[in-house]
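S.K.: Protein chains in written order, with this note's numbering: chain A, 9 to 155; chain B, 15 to 461.
Just so you know, the hints here were simulated from the structure itself, not pulled from any lab data. These figures come from a predicted structure and were not determined experimentally. Among the hints, a few may not be true.
DSSO-like cross-link-like pairs, simulated, lysine-lysine; straight-line CA separation at most 30 Å [stated by the list, open to error]: (1) B:K453 - A:K21; (2) B:K230 - A:K62; (3) A:K21 - B:K230; (4) B:K453 - A:K127.
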Amino acid sequence: MRITQLSVFVENKPGRLALPCRLLAQSGINIVTLSLADTQRFGILRLIVRDWTKAKEALERGGFAVNVTEVLAVEVADRPGGLAELLDVIERAGVNVEYMYAFATKLGDKAVLVFRFDKPDEAVKALADSGMNVLSEVELFSRMEGT
Amino acid sequence: MTPTTTSLKALSTAPFHPASSPDYVPREHLRRLQSQRLRDTVRRAYDRVGWYRQRMDQRELKPDRIRTVEDLALLPLTVKSDLRENYPFGLFAATMGQIVRLHASAGTTGKPIVVAYTRNDLDAWTEIMVRVLACCGIQPGDVIQNAFGYGLFAGGLGFHYGGEALGATVIPISGAHTDRQIAVMKDFGVSAICSTPSDFLHIIDRAEEMGVDLRKLALRVGVFGAEPWTEALRTRIEEAAGIKAYDIYGLSEMIGPGVAAECHVQQGLHLFEDHFYPEIIDPETRQPLPDGQEGELVLTTLGKEAMPLIRFRTRDITAILPEPCPCGRTLRRIRRITHGGDEMFVYRGMNVFPSQIEAALVAVEGTLPRYQIVLSRDKGVDQVELRVEVTPAVFSDRVSALEGLEEKIARQIENSVGIRAHVSLVEPHTIPRTEGRAKRVVDQRQL
């Protein structure tokens, strides 16, 4: 059920973001989706890629600090209120969203959001009980092939 | 000789190595030898180095006046800038025909300091390094991974020749390349490592990431130096690697590594007094202090041909420990130097040592990341920024965790050191490394 996400520490300085992207490009790794959380001084670049071990190696060889986290990819109906319904389910289950971001492309008529929950097991259960689809890595990547 | 506790593999007591005999000579014999070598050194410096001759003439001092080590205080002190001003060869007491090697300091500020060695100097250095390694429990047959830098920096070659002369197997791997260090350590059955403490901490952290348990390897001894380190780091290193970690002390100006080393008792470093005569002075009044009192270490070379140094101010703060050591060596010990004297900085009127900041970092992170202290001045008020490299161990995907880490470090420093530092996490490998002593403090204040 979990998707592997890589996080990279980048200083908040001009040009710092280009370097990790270039390292991935040189290793022939395509970024499936990403988000940048930034503060005044530093940023955390969060990445979803197909071959995360290869990507991690390339980034570490380039001298970056890389963190591996498991996140959930959840399908959301692409209509007004789609996300609100999902968040209601999460809230009722007593789970907190630590951060979230959206997939760059839609899969069919659904949007896909990436979540980091404080209690991922409980989140998965609550979402499944409400009939929402949490995508596995295989499912996610095979669906992406189709788009 | 009772071995102190730590892991079982560190417990084997080293057999006596014949090269260590000078470590055990009766003190009165040592005294006579020191005085005799001092007379030769002063005579040589006076006869061959214009700079020494001038300074002695100004004080109407003739070399004959210096008869014993008690007379040493009559001679003027030498400071680091004297060496810079005589760059490159001004203090040499031998001709290029007699000099067979040059080393130089990294020269982070201004000109580097060049140090010369005759054939005899190199042989003496090697003999001292054999004694250093034996003092740290390394024996013939040990496999030494020498992770000190090879090059102008004297660390690498000093340990190299010492290790070979001891009869150990030396792997001249030099510094950096942490993954390769770990692979070699495992595959070559390394039993002893020589490195800077911070390089070895990187090895510990990386080994943990790679799932390599250093405690299960053949490694049993670490000899660490070239930068000051603390007891907290010793505990961390000994526990994580299952080794005995020994502190050594040296200065490129004197010889390189090999001025002093710990024995298995690990309470102070035996100073190789037959080659370097130690004094402790009050750094303010410059008056010699008795054994046991804390002050600045001043060293005089006894026997160096190419570049004798007389009463060189090391700027390192320590004390001579007069009590005899349980290991039986008669060489006096100096107390462990936990901070470079020249790295102390004054912040809003307070004396602060990088080692205090370091202790706070270790307390928060459990290990020592690379760091740098940057001092600046904003509207006449001192500001201190602490830059800390992010390590995989502390890096998190959550902004709050990283901001929390910065705050936690700042709070720890405020509580233990009493200053408010602005903590910034920076990318790995962005704090400049210099060979030998790390440059921990950058002062951008225009005073």
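S.K.: Each hint: holds or not?
M.R.: Hint by hint, here is what the structure shows:
1. A C-alpha spacing of about 23 Å is found between B:K453 and A:K21, which places the hinted pair at or below 30 Å, so the restraint holds.
2. For the given pair, B:K230 sits about 29 Å from A:K62 by alpha-carbon distance, which is consistent with the 30 Å threshold.
3. A C-alpha spacing of about 43 Å is found between A:K21 and B:K230, which places the hinted pair above 30 Å, so the restraint is violated.
4. Restraint check for B:K453 and A:K127: not satisfied, since their Cα atoms lie roughly 44 Å apart, outside the 30 Å limit.
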